[in-house]
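Asks: Taken in sequence, the protein lines are chains A and B.
Under the working numbering, the first residue of the first sequence carries the number 1, and numbering increases by one thereafter.
Under the working numbering, the first residue of the second sequence carries the number 1, and numbering increases by one thereafter.
Just so you know, the hints here were simulated from the structure itself, not pulled from any lab data.
Any given hint could turn out to be false.
Okay, the calculated bits of chain B under chain A, using three or more residues with CB under 8 Å as the criterion [said to hold, decoys possible]:
#1 21–27
#2 249–255
#3 278–287
Chain A side only, calculated, beta carbon under 8 Å to chain B, not exhaustive [said to hold, decoys possible]:
#4 S17
#5 R18
#6 A47
#7 L60
#8 W76
#9 D167
#10 L200
#11 H212
Note that this is a predicted model, so its numbers are computed, not measured.
Built from N, CA and C at the ideal position, the CB exists for glycine as well.
Each chain, written out:
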Amino acid sequence: MSCCGTNPGYDEIDEVSRLVSTKLAAFLKTLRDNGFPVGLAEGQDAASLMGAGYAAKPGLLRSAFKHLFSARKSDWEKFDGIFDAFWLGKRVRSRSIAAGLAKAANNPSLKSLQDADARQAGSQSATDQIPSPDDAPEGRSGEGRMEGASRAESLAEVDFRKLADPDQIEQAHAAAAQLAKTMRTRLSRRDLARRRGYRLNLRRTIHNNISHGGVPIDLVMRRRKQKPLRLVILLDASGSMSLYTGVFLRFIHGVLDEFREAEAFLFHTRLAYVSGAMKEKDAGRALDRLSLLAQGAGGGTKIGESLKTFNRWHAARVIHSRTVVMIVSDGYETGDAALLGREMAALAKRCRRIVWLNPMMAWEGYAPVAAGIKAALPHIDLYAPANTLQSLTALEPYLARL
Amino acid sequence: MKNREQIAQGLAACGYIADADLATAVSLMQLLRRPLLLEGEAGVGKTEVAKALAAVHATELIRLQCYEGLDQSAALYEWNYQRQLLAIQAHRGSDADSIEDQIFSEKYLLERPLLAAIRRAQPPVLLIDEIDRADDEFEAFLLELLSDFQVSIPELGTIVATTIPHVVLTSNGTRELSDALRRRCLYHYVDYPDVEREARIIMARIDGASASLSLQIARMVESIRKEELRKVPGVAETLDWAAALVGLDVRDLHDAPETVHETLMCLLKTQEDRARVTREVAERLLGKVA
Chain A
1 MSCCGTNPGY DEIDEVSRLV STKLAAFLKT LRDNGFPVGL AEGQDAASLM
51 GAGYAAKPGL LRSAFKHLFS ARKSDWEKFD GIFDAFWLGK RVRSRSIAAG
101 LAKAANNPSL KSLQDADARQ AGSQSATDQI PSPDDAPEGR SGEGRMEGAS
151 RAESLAEVDF RKLADPDQIE QAHAAAAQLA KTMRTRLSRR DLARRRGYRL
201 NLRRTIHNNI SHGGVPIDLV MRRRKQKPLR LVILLDASGS MSLYTGVFLR
251 FIHGVLDEFR EAEAFLFHTR LAYVSGAMKE KDAGRALDRL SLLAQGAGGG
301 TKIGESLKTF NRWHAARVIH SRTVVMIVSD GYETGDAALL GREMAALAKR
351 CRRIVWLNPM MAWEGYAPVA AGIKAALPHI DLYAPANTLQ SLTALEPYLA
401 RL
Chain B
1 MKNREQIAQG LAACGYIADA DLATAVSLMQ LLRRPLLLEG EAGVGKTEVA
51 KALAAVHATE LIRLQCYEGL DQSAALYEWN YQRQLLAIQA HRGSDADSIE
101 DQIFSEKYLL ERPLLAAIRR AQPPVLLIDE IDRADDEFEA FLLELLSDFQ
151 VSIPELGTIV ATTIPHVVLT SNGTRELSDA LRRRCLYHYV DYPDVEREAR
201 IIMARIDGAS ASLSLQIARM VESIRKEELR KVPGVAETLD WAAALVGLDV
251 RDLHDAPETV HETLMCLLKT QEDRARVTRE VAERLLGKVA
């Protein structure tokens, strides 16, 4: 049972067990750092497993720990790599993990990216590809209004890309998070007001009227349970959207926090499932975790292919009959537009409504002529601009009616 | 440990061919007394695990099928109101206390699966099927039950478990489960079996399936799974197909390509998939099967 071979003395056994438990504690920490939900109870169970002889063979220990520590499929899949790297010191595995990290370090993180973009926003707005002669002056007047009496009010109407100073950006982020919060409470209260039964619940009625000797005086009604509205957000994090991703990420963070049912995905050239990372309480940390997932952000956009991945692998799980899919994208498809059309049709069949938010819609002179958005338009239920906080707020009544 | 092989053999004897990982999970279940959460695509045999487990332990299988709106009265216990009312009428005129004592006794208690599972003399296997279909509230309630193994009934007092059941939960992933429940459970992801294991499953389950035919079927199914399908066939579908082929007296897939194509309906359950795997595709796949 022991892996030491010779018969060790008591002191040595003590020493060995102390080493093992230190190593185990370090392993637990590694797991926690990798996002595994490991608590004290699991640590104790792990120790008792090692005591019960599961440590005799690495394969057996790995399998046992895998069942104990994993909580979902993603954990299940990455566990072997982490275990081998930690306990067996396998170079190949550890290098592949390290490689992922290095890549993230080389790439500009999503957060720094959007901060940088936001800083440049003022100068960039003049060179945008959409002709807008009054862009620069309006930008300045927008900043001017910031100094006025009701900051929050005016902030609501300013295009996100024209926000320049970090304070304002922070304010907009906070407002977006707050907006998500109010949307949630408003929606749930509407739900409550509708509660009224239309069928009699006989069992409950008899039960409640036992005190009346079985004469049904207090009636208990039965009603259909309303499924809460589920919001699935697909956010375009490509280069052309970079001026807006920051605010929307904060909005999504707020939505995931406040809505009972919400899921978030990020896409650029491929699709990433980000609900887990976004559930981090602290918005800053959530964005940091996200930047690891969003490698390649700021490049081209393959909306069609991302949607295909979504339909194939995620749709069955995250979409039910009361689901609104919200796609936030400018619709500049660098891939195949026909594919986008097909996938949008498939998605429209599955979910209740598709809302497409296009921040560029509010730009002057914008028309949906890009091949991608043209292919997608027939399947969209609501096509709206989302370039200001106000336009985001305007969505809420629409969602409430579903 | 040594009972890991025993478990694998025991499961095999009951018609469930388990991989080494699953045998470990079952042995851990006993050692740590934690519930086992099984996730995986539909039709990979999650429910079968519980059935086989009950057979191995030679014990009862108590099944709770979850659905939306499942509540305590359907899952845990309920009073038999009709009988209570009758009793009240029958004892009209007698002392109120004595009537109360009588109608709130075991005799009028209807056991539902969860209560039944903790009151058996021999620990049963409790299968909580498709937990993801139940509501969040029910999940929270279940979590409490699974950690304390006691139920309090206001009129009767607390009922403590006489035995701790072997709990198996399954989930299809229609809803994300809470972290608390996941942490409480051992986790096992049930994947599609590899060719060899699938062939052994076919041989164990279908009478009259020869080794060579089983292997051919398993290979064919594996290559079909690699096609881009909307609904990937699970083990249950494989077994249906194997049963169909055996029933139609097919000895070798290459001898009867016609029958193979016609019986593919056992595997492909949507019109799109059916259209995708045309006669030519089926023949190409068949050609790859040695």
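Asks: If a hint holds in the structure, say so; if it does not, say that too.
Replies: Comparing the hints with the structure gives:
1. 21–27: holds (count 3)
2. 249–255: It is violated: at least three residues are needed, and the region 249–255 of chain B offers just 0 whose Cβ sits closer than 8 Å to chain A.
3. 278–287: violated (count 0)
4. S17: violated (19 Å)
5. R18: The hint is violated - A:R18 has no Cβ within 8 Å of chain B, the shortest such distance being about 23 Å.
6. A47: At 11 Å from the nearest chain B Cβ, A:A47 fails the 8 Å test, so the hint is violated.
7. L60: This hint holds: A:L60 lies near chain B, its Cβ roughly 7 Å from the closest one there, short of 8 Å.
8. W76: holds (4 Å)
9. D167: Given a least distance of 35 Å, the restraint on A:D167 is violated.
10. L200: Hint violated; A:L200 Cβ to chain B Cβ min 14 Å, cut 8 Å.
11. H212: violated (11 Å)
In this structure, the hints that do not hold are numbers 2, 3, 4, 5, 6, 9, 10, 11, in rising order.
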